[in-house]
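Here is how the chains run, residue by residue.
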Amino acid sequence: MSTIGESSNPLSRFMSDESNAINASSGPERSHVGEVVESSTTELVAEARQLHGAPSFGQFVRVDSEVPIVGIVFNVFTHSIEPNRRPTAYGKTEDELRLEQPQIFELLRTEFQALVIGYLDEMGPVQILPPQPARIHSFVHVCSEDQIRAFTHTDDYMRCILNTVKVPTDELLIAALRQTMRAHGGDRAYLVRMGKELSRLLGDDYDRLSSIVRRAAY
Amino acid sequence: MLVPRRKRHGIGRGRSRVLRKAVGGKKGAMLDLFAVKNQIDEMVADECRAQEDFREKLEMAVQAYRGWQADWQTLAEKIARSRTSWLMPGIVEGLDVTPTCLQRPEKISIAATDGSQIFPDRHEISSCFLINIGYILLHYGTGEKPLMSSKPTLYYREEEIFEEWDGRRVFVNRELVGTKRGLMEFSELAALSLAAQEAGHSVLACSDGTLIQWSLEGKPHDFKDYVLGETMRDFDALEKAGLPVCGYISHPGSQDVINALKLGLCPQDTADCDRCPWRPENQLGCSSEEKEVLQAQLWNGRVPCSPLDGISDAVLMRQILKPGQRSPVFRSSSKILESYGRHWIHFFYVHVGQEIGRVEVPEWVAQDESMLELVHACICDQAEKGQGYPVALSEAHERAVVRSADRESFYRFLRDTYVKNDMRAHISTKSFKKRHVGI
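In the order they appear, the protein sequences are chains A and B.
Heads up: the first sequence begins at 1 in the numbering used here, then just goes up one per residue.
Heads up: the second sequence begins at 1 in the numbering used here, then just goes up one per residue.
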């Protein structure tokens with residue numbers, strides 16, 4: 001079925017279905033930043049919609065699924081899409097490369113991994129792992145400040161991060177804290193509450209606590 | 001240094017049992033590599049000897065080329081009146097020009113296509129075949145997103161897998177599929193570049209390989225007419241749109257220019273290879289004095305033009321051209337070009353840095369100085385960007401290529417679909433035996 005956009009572009013016949021679909025979905029109503037390509041109960045991998053266009057480390061994301069799933073980005077990586085070809089150095093700036101070697105940007109892909117920390121149901125945020133993982137090809141959105149505020153009202157997200165072994169725990173905690181503080185408008189009472197919760201979670205590891213607090217407040 | 005466990009089992013002292021079996025020359029080994037090794041040694045030794053001879057020949061070729069530069073018209077006239085058994089180039093630009101490539105226009109789009117296929121296999125569950133075309137459109141100087149895609153087409157209908165040429169109905173073979181693929185590559189290249197021009201780009205169309213349909217010589221007339229008709233239709237459209245097109249041949253083995261120099265070596269004023277007086281079979285009526293004279297003109301006991309045997313144009317041009325320079329334009333004399341009309345293929349060699357490439361263009365590009373300069377500049381630029389080979393062509397290949405793993409997946413997918421639809425999925429016994437060899 002041809003759309004208006006397709007018939008007006010003489011080149012559309014030669015484009016891949018994928019890029020035609022992306023062109024068709026480039027309207028403002030599609031605000032996703034990525035699409036899930038690997039999914040499990042505890043974490044997911046998503047392909048960024050644009051090269052270098054992944055959400056930042058520590059950002060809260062929401063996956064459009066049967067039950068919307070909430071996660072925190074803990075790893076972003078860009079790589080070649082073809083296993084037997086790897087990027088080589090050209091000695092040119094990115095702008096020069098875009099003008100003179102435009103094909104290389106078609107051969108790279110940005111992906112990001114997110115730690116699943118809960119989901120949303122009719123009642124609001126639920127701070128436990130979802131009953132089913134996100135479906136492959138679901139769209140990933142960046143959480144709005146309201147959603148972050150609602151989700152970080154309690155300290156459960158911090159516990160979730162601290163209990164995960166394969167992520168850079170402290171760094172992720174700091175990045176997430178900075179996000180939540182912005183969402184809470186730098187509310188001092190919230191900050192103090194989170195500090196107390198964190199000190200409880202870290203037990204008597206004072207050095208670690210002070211390092212996290214100092215860097216989160218930077 | 002730590003060596004990964006896997007590597008330690010490679011060819012070397014610690015050969016695995018499996019590998020020892022394969023190269024051990026035991027009864028039953030599939031390819032006896034030890035036996036081949038001896039033959040490879042002999043081959044390389046022979047080639048080493050030939051190389052010394054080759055340097056001398058090459059020196060002669062360079063001297064002959066330079067010798068004709070000032071007086072190329074004489075050679076051109078000799079070519080015109082002689083009858084040789086080899087392809088002779090038409091010298092249209094002299095021999096003494098070696099233009100250096102100009103700066104590529106800042107904004108230009110390069111279109112390229114390439115094709116690949118899964119050949120029909122009557123031992124498989126279906127005799128269908130597949131052609132995959134890779135499309136590349138790279139826009140330079142604008143930062144615009146390039147087009148890089150591929151489209152597969154499956155052929156399975158009765159009229160697609162059986163063709164009738166010259167009154168004979170044949171099952172499509174590799175050759176026919178290859179020709180069909182070549183045709184599609186070119187017609188899709190024309191369509192892609194014309195569409196890009198329509199979208200407002202200034203375009204150069206690059207085809208992978210020759211623009212001369214050599215393989216049609218000796219084919220049934222109606223088949224030849226069909227293929228040429230399609231090709232000419234695309235050339236017509238490109239010419240009408242003023243859209244330059246070229247074919248790039250990497251590592252060319254052609255000897256057109258060398259053939260002209262060989263003719264130059266012939267002592268006869270008008271050469272006729274069929275009646276070559278130096279060949280013993282043509283000396284039947286000669287007196288012994290005449291034979292002696294002819295004998296004295298031989299080169300190492302062979303006909304006078306033989307010193308240049310085995311040298312290709314590319315090897316010669318490597319000595320003549322500097323990086324970025326191109327040879328003069330020559331007119332190809334392939335017989336099939338008689339059907340090309342005003343699209344008669346011309347060619348030149350170009351030193352792209354890593355190698356000498358051969359670039360073919362239709363007559364209307366060869367005669368238009370600005371188009372010719374554009375082709376020359378863009379090919380050099382493309383090769384520089386692609387570390388020696390035009391980047392648009394190598395990307396088109398990457399898009400088109402169907403690797404053996406893809407072929408396996410294709411047939412697995414086909415089998416699964418047959419089974420899902422309750423269709424009998426039957427492969428030949430031969431094919432079955434190849435996969436499940438008993439003892």
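Worth double-checking, as some hints may not be accurate.
Unchecked claim - Using 27 angstroms as the maximum straight-line C-alpha spacing, the simulated DSSO-like pairs for lysine-lysine come out as follows: (1) Lys145(B) - Lys107(B); (2) Lys78(B) - Lys92(A); (3) Lys78(B) - Lys107(B); (4) Lys92(A) - Lys107(B); (5) Lys322(B) - Lys335(B); (6) Lys180(B) - Lys151(B); (7) Lys92(A) - Lys145(B); (8) Lys92(A) - Lys240(B); (9) Lys240(B) - Lys180(B); (10) Lys166(A) - Lys196(A); (11) Lys335(B) - Lys78(B); (12) Lys224(B) - Lys180(B).
Unchecked claim - Under 7 angstroms between C-beta atoms, here's a sample of chain A residues computed to sit facing chain B: (13) Phe77; (14) Glu106; (15) Gly195.
What the hints contain is simulated information worked out from the structure, not anything from laboratory work.
Note that the Cβ used here is the ideal one computed from N, Cα and C, for glycine as well.
Going through the hints against the structure:
This hinted pair checks out: lysine 145(B) and lysine 107(B) have alpha carbons roughly 14 angstroms apart, not beyond 27 angstroms. A C-alpha spacing of about 52 angstroms is found between lysine 78(B) and lysine 92(A), which places the hinted pair above 27 angstroms, so the restraint is violated. For the hint pairing lysine 78(B) with lysine 107(B), the CA-to-CA distance comes to about 44 angstroms; that exceeds 27 angstroms, so the pair is violated. About 18 angstroms separates the Cα atoms of lysine 92(A) and lysine 107(B), which keeps this hinted pair within 27 angstroms; it holds.
Among the hinted pairs, lysine 322(B) with lysine 335(B) is inconsistent with the structure: their alpha-carbon atoms are about 32 angstroms apart, more than 27 angstroms. Of the supplied pair hints, the one linking lysine 180(B) and lysine 151(B) holds, its CA atoms being roughly 15 angstroms apart against a limit of 27 angstroms. Restraint check for lysine 92(A) and lysine 145(B): the C-alpha separation of about 18 angstroms stays at or below 27 angstroms, so the hint holds. Note on lysine 92(A) and lysine 240(B): the hinted pairing is violated, with a Cα-Cα distance of about 39 angstroms set against a maximum of 27 angstroms.
Distance check on the hinted pair: lysine 240(B) and lysine 180(B) sit about 24 angstroms apart at the alpha-carbon level, within 27 angstroms; holds. For the given pair, lysine 166(A) sits about 25 angstroms from lysine 196(A) by alpha-carbon distance, which is consistent with the 27 angstroms threshold. Note on lysine 335(B) and lysine 78(B): the hinted pairing holds, with a Cα-Cα distance of about 19 angstroms set against a maximum of 27 angstroms. This hinted pair checks out: lysine 224(B) and lysine 180(B) have alpha carbons roughly 12 angstroms apart, not beyond 27 angstroms.
Interface restraint check for phenylalanine 77(A): the shortest CB-CB distance to chain B comes to about 22 angstroms, outside 7 angstroms, so the restraint is violated. Evaluation of the glutamate 106(A) hint against chain B yields a held restraint, the C-beta minimum of about 5 angstroms falling below 7 angstroms. Look at glycine 195(A): its Cβ only gets to about 47 angstroms from chain B, farther than 7 angstroms, so that hint breaks.
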